[in-house]
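Knowing the structure of chain A, use the given hints to seat chain B on it.
Listed here are the chains, written in short residue letters.
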Amino acid sequence: MARTAAPVTLTSNALGRLVPEMVNGQQQVPFQGVHGYRVQGRKAAPPIRSAADYPPGGDKRVATLAEALEACGIQDGMTLSTHHHFRNGDLVANMLFDACGKLGKRDLMWFPSASFPCHAPIIAHMDAGVVHHIEGSLNGPLGDYCTDGRMRGLGVLRSHGGRWQAIQDGEVHVDIAVIAAPCADPFGNANGVHGPAACGSLYFALADSLYADRVIVVTDHLVQFPAVPWHIQGNNVDYVVCVDRIGDPARIVSGTTEITNSPDRLLVADWTARFVRDAGIMKEGFSFQAGAGGTTLAFAIYLQEMMKQAGVRARFVRGGSTNYLVKMLDEGLTDYILDGQTFDQDGVVSMRENPRHQATSPFTSYNYHGKGFFGTFVDVVVLGATEVDVNFNANVVTHSDGRLLHGIGGWQNCLFAKCTVLAVPAMRDRIPVIVDDVTTLTGPGDLIDVIVTERGIAINPRRGDLREAVRGKGLPIRDIRDIQREAEQICGGRPRPPRRSHQVVAAVKWVDGTLLDSVWKAER
Amino acid sequence: MAQPRARELGRGRAAGAMTRIGQAGHRGERSDCWVRVEARDEGGVILCVKSKVEVMYGHAVRSTCLTVLDAMGVRNAALTVEDQGALDFVLAARLEAAVKRAGMGAGATFLPPPGGGFDGQTARERFRRSRLYLPGDQPKHFLNAHLHHPDAIILDLEDAVAPAEKDAARLLVRNALRVVDFGSCERMVRINQGQLGLEDVDTVVPQNVHVILIPKAESAEQVMAVDARANAARLDAGLTAPCLLMPIIESALGCFHALAIASASPNVVALTIGLEDYTADLGVERTAEGRESLWARQVVVNAARAAGVAPSDSVFSDVSDLEGLRAAVLEAEALGFEGKGCIHPKQVPVVNAGFAPTPEEIAKAQRIVLAFEDATQRGVGVVALGSKMVDAPVVKRALRTLRMAEALAMVPQDWRRRAGGTLADGDDVRKEPLAEDGSW
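Each protein sequence line maps, in turn, to chains A and B. Mapping the first sequence onto this note's numbering, position 94 (from 1) lands on 219, and the numbers just tick up by one. Mapping the second sequence onto this note's numbering, position 360 (from 1) lands on 669, and the numbers just tick up by one.
Hints may contain errors.
Unchecked claim - Stretches of chain B that chain A covers, calculated by requiring three or more beta carbons in the stretch to come under 8 Å of a beta carbon on chain A: (1) 358–366; (2) 394–401; (3) 452–466; (4) 579–589.
Stated by the list, open to error - Estimated spans, in silico, between C-beta atoms of each pair: (5) A561/B / E430/A: 38 to 46 Å; (6) R635/B / M431/A: 12 to 20 Å; (7) R587/A / Q686/B: 50 to 58 Å; (8) R621/A / E598/B: 14 to 22 Å; (9) D604/A / Q686/B: 53 to 61 Å; (10) L708/B / E430/A: 33 to 41 Å; (11) P422/B / E430/A: 54 to 62 Å; (12) G416/B / R587/A: 33 to 41 Å; (13) F427/B / E478/A: 41 to 49 Å; (14) P422/B / D562/A: 25 to 33 Å; (15) H458/B / R587/A: 25 to 33 Å; (16) R624/A / G547/B: 19 to 27 Å.
Because the hints were derived from the structure by calculation, they are not lab data. Just so you know, these numbers come straight off a predicted model, no measurement behind them. Where is the CB? At the ideal position from N, CA and C, for every residue including glycine.
Next comes chain A alone, as it looks inside the complex (with noise of 0.2 Å):
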């Protein structure tokens, strides 16, 4: 099952972006619209097992690491995947590749839920060729690599939605699942509560542990059966490993989130918040989702006192939880977290004790091929961006100067809610965010409604409502061009675009399965 590169062919996509017809041998449909394509089918399965080939006590313990791929039937060009609720601390996913190095296996794809710096040794198992490519979020180091096209097979960078739906459609067929757990038993049931390396939820790699071919749990904390709560069920568990640390808690989960303290920030945090009470969306049972970054963070807190003062209550949030969000549920402005990722220890303490701080996977929140998903009924939402166009579609994954910055995680997924709001700088020091054309397409502008930056609010056209609803509520209501305006001549005129080579590094993959945009080799 050795893998080749094939010449790739481009063609245009319904928003006028080249991607290639072909990634990683595989046919692709290019970007229809939101919501212009339709697939049929049936969804992928594993291979049906009986437990008379399992141990009937329920230990399914191996020695090691090692081992355990030898049992599974590792061969070369297989594709393993990981999770990445350890985020910059995970150890796992090193270990996995160190030991798929020493068995001799040679071609491998890893399929992470995402990657991080902690995950720049992967690089000289590329090299070394035990690694072929990654699909998956790419930054750091790995981003360089792919960027510089040094990677021999293309990225596919996919949101957490995504990545559940190229599981569950057969895109991308898991022979090994490798599952890094906090806590579990010797039957496989595992869950990111309890241990040394708790992290929260586990739901990352739920369909890893659903649709993979072979499972195996990795744990530096074993418990006499039954782990619970079971995020993994041992059921679809083929082999459990113990080692000494799985993961750096320093770097799991932050002691204590801090709010930021940079001004810039806190004002397009403040005047989000605004929007948000002064467009209406704030009311009586609400919901709003906002990230862990220092701006999104910072505009949940200016929230939570403008609801305290308007004695309003939201019936959800949806997570990344952090201490903030904790407080919010224990004083009662809200009624539940539904949580994707716990960012702090307060997070994960709150989801191991109050049930109504609830864990939720990507099939829940985030799966478009589902029948429906939390992240269409959330009422607003406020996410970052790296770059936003006069057509308001928003690049997260490149930098402007066309370099892999960061995964897209759950950012696309959550456009879907009835408001998206970016909070977004006018500029970094000298890089104007909003631009005529983003660099890398990652959210077409038909879902993203609102753009909050320190010079002024602009709504998108198509949102009428919006306009009107804060319409001499004193807020800075502005047109994106002027805004644009103003940052490029600060920056000193318009900024040059990238030069970008011919040669497609990766492809980035919108929530359907389709080809939205394509990341290019840079020219150094």
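This is chain B only, laid out in the frame that chain A set:
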């Protein structure tokens, strides 16, 4: 490699060993750059630019480098730039500083073309509730400071700038005053003490500085020296509006000369106090409670009032304690201060709100002013509101409250006409209800 060679060249040229290498700016500091200029005898200009914004603005960075070197008369030099997204005016200031530090460009300057807001004027009577200090050597804070709506921004050349960076900061502040749009903020500069401060005046006053803050003011002569120098600089530059002054009392001696200082020039508009230096001068700790500085603050208020200028309070130094700041503003207002310094933008709304009139104060002031104007119109000598007499000073204070309320758009400009409608209907303002205890 380069440095020994430069020393060699220096020795070979003349006695007195001319400096041949100049550096300026800050490495790795965002919105800033670091530059190194090495004078050469031949070979033209060699540019080595590493820019974070290479793709988007690398061409502009190079072109600015060449323009500035040309204006400075530098024909042969090796120039290294490490750029973290510095705007042109920052890059130009850094280059000019480095060229001068390399012993070149004597007498030459490079003034970037003026940007928006350069021509804005101020007025003596302006409200100066909040004035936001910006370290004069850190360009990253300049651009967005006005978005937080302080009444004034202060580009600080004194305490916020290290002694070795005074020359570079002066050029950076000069360029910022030309180029950055500070919106509707009053443009202030805190100069250095002594001779250095007078040189600061020469450089910054032609760039339309509205108010100069004079640190460590201890005598009227000191203020007069700055005033004379500022006048000369502004006349040279063809500016018509006077440059206003705000001396800072920061010592026991300053307290004793406060009235003379506040009266030293008609250009003095406000008197303020620096409590860090003052408490150091007394040899006491600066406490949150501030008992050690109460006398000094009252002296400043009284001297300012005696001289007919506005008293303004010191800064509140705990940025994270907004509740403490709120209390400090109320206390300052109660002592008679009209404004306060801010060291972080998040202090600005608290200070602005604290010194702004409350809706109750505005309503009371409106009743007083209407009663006064009504009485004047009817030729009645005595103004009364309900059962209470209204004295002239009370009217004066009410007018001031309303001026501020109007300036802050807290009342419409035509509130008299709106209120006048009810008057014409025979609704005598003197029948306006008073508080139960008969007070306002």
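To see whether the hints hold, each was checked on the structure:
Requiring three or more residues with a Cβ within less than 8 Å of a Cβ of chain A, the coverage given for the region 358–366 of chain B holds, as 6 such residues are present. Requiring three or more residues with a Cβ within less than 8 Å of a Cβ of chain A, the coverage given for the region 394–401 of chain B holds, as 4 such residues are present. Given a C-beta distance limit of less than 8 Å, the hint that chain A covers the region 452–466 of chain B holds, as 4 residues qualify and 3 suffice. Given as covered by chain A, the region 579–589 of chain B fails the check, having 0 residues with a CB less than 8 Å from a CB of that chain where 3 are the minimum.
For the pair A561/B and E430/A, the beta carbons lie near 43 Å from each other, so the given range of 38 to 46 Å is met. Distance hint check for R635/B and M431/A: the Cβ-Cβ separation is about 18 Å, which falls inside the suggested range of 12 to 20 Å. At about 56 Å, the CB distance of R587/A to Q686/B agrees with the hint of 50 to 58 Å. Separated by about 57 Å at the C-beta atoms, R621/A and E598/B break the suggested range of 14 to 22 Å.
Take D604/A and Q686/B: their Cβ atoms lie about 48 Å apart, and the range 53 to 61 Å is violated. The hinted range of 33 to 41 Å is satisfied by L708/B and E430/A, whose Cβ atoms lie roughly 36 Å apart. At about 43 Å, the beta-carbon gap between P422/B and E430/A misses the expected band of 54 to 62 Å. For G416/B and R587/A, the hinted distance range of 33 to 41 Å is not satisfied, since their beta carbons lie about 59 Å from each other.
Distance hint check for F427/B and E478/A: the Cβ-Cβ separation is about 60 Å, which falls outside the suggested range of 41 to 49 Å. Roughly 29 Å separates the CB atoms of P422/B and D562/A, a value that falls within the hinted 25 to 33 Å. Under the hint 25 to 33 Å, the C-beta atoms of H458/B and R587/A, about 31 Å apart, fit the expected range. Take R624/A and G547/B: their Cβ atoms lie about 46 Å apart, and the range 19 to 27 Å is violated.
Of the hints listed earlier, those the structure fails to meet are numbers 4, 8, 9, 11, 12, 13 and 16, in rising order.
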